[in-house]
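Asks: Let the hints inform the model, and build the full structure from the sequences given.
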Amino acid sequence: MGGKEKEKITPRRRFFTDLAHHIGLGAMGVLLWAGYTSKAKSSPLTLRPPAALDEEDFLKTCIKCGLCAEACQNRPQNKDVNGKQLPGTLKMAKAGDNVTIGTPFFIPRDVPCYMCDDIPCTKACPTEALDITRVTNPKTKELDIKMMRMGVAVVDVHSCIAFWGLQCDACYRACPLLDEAIKLVYNRNSRTGKHAFLEPKVDPDVCTGCGLCEKACVTEKPAIFVLPREVALGKVGAHYVRGWDKKDQQRVKERNLNDITTHDERSKKKPIDYLNSNSLGL
Amino acid sequence: MKNMKYLILRRITQITLLFLYFAGNAWGWSILQGDISTSLLFNKIPLSDPFALLQILATGALVGANVVVGAVIITLFYGLIGGRAFCSWVCPVNMVTDLATWLRRKLLIDKVEPKIWMSRNIRYYMIALALIVSAISGLAAFEVVSPISILNRNIVFGLGSGLGLIGAIFIFDLFVVKNGWCGHICPLGGFYSLIGKFSLFKVKHDHQKCTLCMRCKEVCPESQVLKMIGKSSITVNSGECTNCGRCIDVCNDDALFFTISKYIKENKESK
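Order-wise, the sequence lines are chains A and B.
With the numbering used here, you'll find the first sequence wraps up at 282, consecutive numbering, no jumps.
With the numbering used here, you'll find the second sequence wraps up at 271, consecutive numbering, no jumps.
Treat the hints loosely; a few may be bogus.
To be verified - Derived DSS-like pairs (lysine-lysine); straight-line CA-CA distance at most 27 Å:
id, chain 1, residue 1, chain 2, residue 2
1, B, 115, B, 217
2, B, 217, B, 231
3, B, 44, A, 79
4, B, 5, B, 115
5, A, 221, A, 201
6, A, 84, A, 94
7, B, 44, A, 123
8, B, 44, A, 141
9, A, 94, A, 123
These are computed hints drawn from the structure, not numbers from a lab.
Nothing here was measured: the structure is a model prediction, and the numbers come from that model.
Replies: Structure, rendered in structure tokens:
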């Protein structure tokens, strides 16, 4: 047989082939795994427990132990009139919930947050993914559940029957921060000419996102509902100034122009030059 | 029943723990609360999965003191009694894969199917991958795919989807690779192999009594750790031994038994 001589594999060659093999397998593993993990993050509409860190940090820190959900469900006051255990507010995400698997979340229209004064869920967290300092009054060092910001209630004025002129104040009455987080705004009903609209209006600076309003809403699908604050709220930015607000004025005085980045080069001219120039087109 | 002592004890331990977890959630029992990633014992003592904590730290997160204390307790505990005692005495997936392996033996699959070879070191690569992917993705990587915590949570917090993964592992172990998941891939098993290397509890072999029936190697989920069978009277020193005691159960010659440490000294003497 005059076949080819068997190719010789030197130790050096073997080393590099082995190395390439291992690196390749490792890279494949990372690609597949990281690809899956990036899909495993929660829907932006997920509502987290009280005092949760911001979503990105929360996902990093939560160990998925469920101690918060157990503390919520098994708190002594969570019983019906016959002493039967009620389901807790916090659920542990399963595959298909569109929430990172094993992390706690809640759906207010199923079970809202009852804003316990002793905040058992947050106290139970071993990793501080639920950060007790977020619900602790910095001055008195006492727990203050009103400081939590799980989300904010939003009203769909088209399906809210109060905006039709019907007298419904279910959400207003259900709100644990009565007349603070939801206020009723009286407007004249020009259709009848002699009635008032009692329109619910949410104050996002006060609303905790507990969802008791959403649970109480009488329409088939709630016309008031809680959304995560990042989803529901806008952001003004630093360059709008309230001329009537002393604090805002102070902020403008204290800012350093060099810290502010602009898209274009900053004009050297003064505003008055602009008014005096012809560029207004007058 | 004589040769099932440790098997029965293990099943009792595994099921009792699952029941206590379940009761902790369902009825507020305060013996064992939380789940297998972090628990609270008697409402006071935190117990945490050190591998889960490592992944969390790899994402760059700062964590509370409780989980660190819990992870130290667990590391010391398994470091003492044999790391992979977790696998055979606590982990719920062990019951699934043991069933697959038992069925595999009964169906004579190893005798019929061509064997597929897989390195048992994959699990150590998986540890490294889990930490790298955690750092890249900002999410504890093994914790979002771990069949261990998925099965555990399914039992503690109510059944839901995600059991497909458990079914896949069962089929993999039954038809693809013997002890495929627990003995080759699972990074948590790999992690506890490393922790348990120097534990006090070890299986010891007495080769004078051994009749070379090889029943122990047949049932051992990590049969490579039993390489001294019939050769020398030493302890099983590999961290990959799960301390499941199955080899002791099936041995009819009393040639295998648990010992408590001193193993380093004795091993030196026997050489």
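Asks: A separate judgement is required for each hint: does it hold in the structure or not?
Replies: Hints versus structure:
At most 27 Å may separate the alpha-carbon atoms for a hinted pair to count; residue 115/B and residue 217/B meet this at roughly 17 Å. Under the criterion of a C-alpha separation no larger than 27 Å, the hint pairing residue 217/B with residue 231/B is consistent with the structure, at around 14 Å. A distance of roughly 24 Å separates the Cα atoms of residue 44/B and residue 79/A; the hinted pair therefore holds under the 27 Å criterion. For the hint linking residue 5/B to residue 115/B, the alpha-carbon distance of about 31 Å lies beyond 27 Å, and the restraint is violated.
Restraint check for residue 221/A and residue 201/A: satisfied, since their Cα atoms lie roughly 19 Å apart, inside the 27 Å limit. In summary, the hint linking residue 84/A to residue 94/A is supported, as the alpha carbons are separated by about 25 Å, within the 27 Å threshold. Between residue 44/B and residue 123/A the alpha-carbon distance is near 13 Å, which keeps this suggested pair within the 27 Å criterion. Only pairs whose Cα atoms come within 27 Å are accepted, and residue 44/B paired with residue 141/A is accepted, the gap being roughly 23 Å.
A hinted pair counts as satisfied when its Cα atoms are at most 27 Å apart, and residue 94/A with residue 123/A qualifies at roughly 23 Å.
In the structure shown, a violation is registered for the earlier hint numbered 4 alone.
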